[in-house]
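Chains as they are written, first to last, in the numbering used here: chain A, 1 to 269; chain B, 1 to 269; chain C, 1 to 269.
Everything labelled a hint here was simulated from the structure, so no lab data went into it.
Check before you lean on any hint, since a few could be wrong.
A pair holds if it fits inside one copy or across any two, identical chains being indistinguishable in the list.
List time: in silico SDA-like cross-link candidates among lysine to any residue, alpha-carbon distance up to 25 Å [stated by the list, open to error]:
# : residue 1 : residue 2
1 : 267       : 77
2 : 240       : 43
3 : 240       : 265
4 : 240       : 162
5 : 240       : 261
As the structure is a prediction and not an experimental result, all values here were calculated from the model.
The lines below spell out each chain.
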Amino acid sequence: MASSSSYQFGTALRDIRATAPLIHNIANLVVTNVTANALLALGASPAMVENAEEVAEIAAIAGAVVINLGTISSSWAAAMRLAAASAQQAGTPWMLDPVAVGALGYRTRLAVELLEAHPAVIRGNASEIMALAGQSAGGKGVDSLAASDAAIDAAKDLAHRYATVVTVSGAIDYVTDGRRLAGIGNGHPIMSRVTGMGCTASALTGAYLAVLDDPFDAAVQAMATMGVAGDIVMANGGAKIGPGSFQTAFLDALYHLDGAMIAALVKLT
Amino acid sequence: MASSSSYQFGTALRDIRATAPLIHNIANLVVTNVTANALLALGASPAMVENAEEVAEIAAIAGAVVINLGTISSSWAAAMRLAAASAQQAGTPWMLDPVAVGALGYRTRLAVELLEAHPAVIRGNASEIMALAGQSAGGKGVDSLAASDAAIDAAKDLAHRYATVVTVSGAIDYVTDGRRLAGIGNGHPIMSRVTGMGCTASALTGAYLAVLDDPFDAAVQAMATMGVAGDIVMANGGAKIGPGSFQTAFLDALYHLDGAMIAALVKLT
Amino acid sequence: MASSSSYQFGTALRDIRATAPLIHNIANLVVTNVTANALLALGASPAMVENAEEVAEIAAIAGAVVINLGTISSSWAAAMRLAAASAQQAGTPWMLDPVAVGALGYRTRLAVELLEAHPAVIRGNASEIMALAGQSAGGKGVDSLAASDAAIDAAKDLAHRYATVVTVSGAIDYVTDGRRLAGIGNGHPIMSRVTGMGCTASALTGAYLAVLDDPFDAAVQAMATMGVAGDIVMANGGAKIGPGSFQTAFLDALYHLDGAMIAALVKLT
Chain A
1 MASSSSYQFG
11 TALRDIRATA
21 PLIHNIANLV
31 VTNVTANALL
41 ALGASPAMVE
51 NAEEVAEIAA
61 IAGAVVINLG
71 TISSSWAAAM
81 RLAAASAQQA
91 GTPWMLDPVA
101 VGALGYRTRL
111 AVELLEAHPA
121 VIRGNASEIM
131 ALAGQSAGGK
141 GVDSLAASDA
151 AIDAAKDLAH
161 RYATVVTVSG
171 AIDYVTDGRR
181 LAGIGNGHPI
191 MSRVTGMGCT
201 ASALTGAYLA
211 VLDDPFDAAV
221 QAMATMGVAG
231 DIVMANGGAK
241 IGPGSFQTAF
251 LDALYHLDGA
261 MIAALVKLT
Chain B
1 MASSSSYQFG
11 TALRDIRATA
21 PLIHNIANLV
31 VTNVTANALL
41 ALGASPAMVE
51 NAEEVAEIAA
61 IAGAVVINLG
71 TISSSWAAAM
81 RLAAASAQQA
91 GTPWMLDPVA
101 VGALGYRTRL
111 AVELLEAHPA
121 VIRGNASEIM
131 ALAGQSAGGK
141 GVDSLAASDA
151 AIDAAKDLAH
161 RYATVVTVSG
171 AIDYVTDGRR
181 LAGIGNGHPI
191 MSRVTGMGCT
201 ASALTGAYLA
211 VLDDPFDAAV
221 QAMATMGVAG
231 DIVMANGGAK
241 IGPGSFQTAF
251 LDALYHLDGA
261 MIAALVKLT
Chain C
1 MASSSSYQFG
11 TALRDIRATA
21 PLIHNIANLV
31 VTNVTANALL
41 ALGASPAMVE
51 NAEEVAEIAA
61 IAGAVVINLG
71 TISSSWAAAM
81 RLAAASAQQA
91 GTPWMLDPVA
101 VGALGYRTRL
111 AVELLEAHPA
121 VIRGNASEIM
131 ALAGQSAGGK
141 GVDSLAASDA
151 AIDAAKDLAH
161 RYATVVTVSG
171 AIDYVTDGRR
181 LAGIGNGHPI
191 MSRVTGMGCT
201 ASALTGAYLA
211 VLDDPFDAAV
221 QAMATMGVAG
231 DIVMANGGAK
241 IGPGSFQTAF
251 LDALYHLDGA
261 MIAALVKLT
């Protein structure tokens, strides 16, 4: 297990704000606005491009690429294949968010296929990660039916097999590269009542991938950023807060956050 | 006309929160985030899936399906046909939101075709319901040019012909199954200055359809939920409120709402 | 340079609210909700229609058409061509928002092609306007790398060549018809940390185009409306504001704005 002092929280966030890395997202119809705003609030420069005519061009020049399976059809799937291949060829780190994999057959097959293009990080909930590792966990649409610690073995297995980093989101977020394992215990249950928080975690992981060499470090810092921002919102908002005001205040928190706040508030195990 | 005591407002809402029914939405590009968030705030589990490759699979396992005509093209239309057919075959209740029907020819023909797959509820504004019933009312894009009571006869006619329940949104929301008629007088004009409130009403109707056997009851409770949540926002917000803060506070209100509040505040006629 | 007294700010805004002109938008996946809400908050009636089957029909009956290149694929591009041609044939004023033109080849070629259908106004950031005028300015995805005044010559050149009005967004917004030049110095840097503010400026330009005969006047009033609304939000919000609360308060400000406030606060140069 890692300790807070292993991570230079301030440095990476300052680098994101200083260089505003271009993060190419193939997001989905539900969250494309939300994830673009989260990246802007943090200090990155999002490009939401999902058409097959342009994805290869932008994936090659981006600081990182985030491929989210939330919306897929044959044309989106084609764009995902092109973007992943272009990122791999250009050496751009890319990450995979396997939304609802396991629950639906078409996207499960697509996700397994995309793994061959070597994502730097994979982030999903327990059901998604277990399904991607070939375990049957059951998911209900996009929501997990299993707790995050149930997926730690599956995450390690995936990380080993594909030489990648795997993040399992949940009450505790786990990050592993197969060897190292970090748990981040921040955040609040209301975050599961706001659509796109998982996709936002993936987008922020993309921002950190663009400024850090170690994908494990990037994944941990992204989840710490998410969780601490959520804690700040709940600490300021009290009992009156609901999913609407949470969403608004969360973007504000990302904007005002600095490395010292993350280092002070992160609950690493 | 129905009285408030006919409805068990608390029971259905508690069931939604206890079971988190999976609501499959073919929403539209404008409101897919908004309606997903409204369903999550209420306590349901939204799945926003609109690709032809997956809609039949998810419609068959969902608690209810919501088909919204806001965004249509030949590929979306194909997905709508598949989802409606799959829901009908699986016995999943589904509802139709005929956005802008009457104003545009392509979607008007599609809506009439979808009626053959027996929606449990149809919800639209007066122009849309009158157009769907074959009356010429005129609509300006997605906004109605007629008051809701002008469409009561059209609603009853549609309900009779297709053995369905019809909701007409407006200053007063009317719900009819051809025999029964309920009016819900809650809500506020500012709701017409926030995009997607009608679509949200349809999504919440889907959530109630998943836990109630009687589609008329589900439609009434959904409109009561919408209207009472709107009233709570306006009561708390005062003159300073605008469409931005309304939207945020509305999600909070859905999250904090309980059956006793609905029963106390609903204006049934 | 123009003075504030040249513009009848109150009249046009009152006309928008009195007639609620139908504004047909081919927006993009990131901002379609945001721009629809901004148009509703201002008092216009947005129709977000981007499918090839319907765009010609609605462009012909709209008060103005807004074509935004944020999301393009072969099918969206086809719809854009149809909408622009239909608007031109019907005499409906239309405007072009060349999002990320210059940064990506496919959309750059499409934008140049669409210019042949005579847009009434073109609005973009400095990089986009310079690229559209054939100058190489460099852009990073959707964000400009150049200040707005660097694009004034390119804007004048474009305006001359295509007999149109060009708006360059930036710290100062410039509007020119090749002969006249106005600068609007309102607004705040935080607006570049909220996705879709540029697209919103284009949408509001559409609303003003629907009620004013002079596209130069429409473009100036739209940018004044944007900037003054932003100033009001920042004046009320103080240091605590972030991109989330800004977005919410901005819609409220558009809703409560009147012509006297714009005339009093606009910084024209």
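So, going through the hints one by one against the coordinates:
For the identical chains of this complex, residue 267 and residue 77 are neighbours neither inside a copy (37 Å) nor across copies (48 Å), given an alpha-carbon limit of 25 Å. When the C-alpha separation of residue 240 and residue 43 is checked against a cutoff of 25 Å, the pair qualifies only between copies, where the shortest distance is 17 Å, while the shortest distance within a copy is 29 Å. Both within a single protomer and between protomers do residue 240 and residue 265 lie at most 25 Å apart by alpha-carbon distance, with minima of 22 Å and 20 Å respectively. Within a single copy, residue 240 and residue 162 get their C-alpha atoms no closer than 44 Å, and across copies no closer than 44 Å, so neither meets the 25 Å cut-off.
In the homo-oligomer, the alpha carbons of residue 240 and residue 261 lie at most 25 Å apart both inside one protomer (24 Å) and across protomers (16 Å), since each shortest distance falls under that limit.
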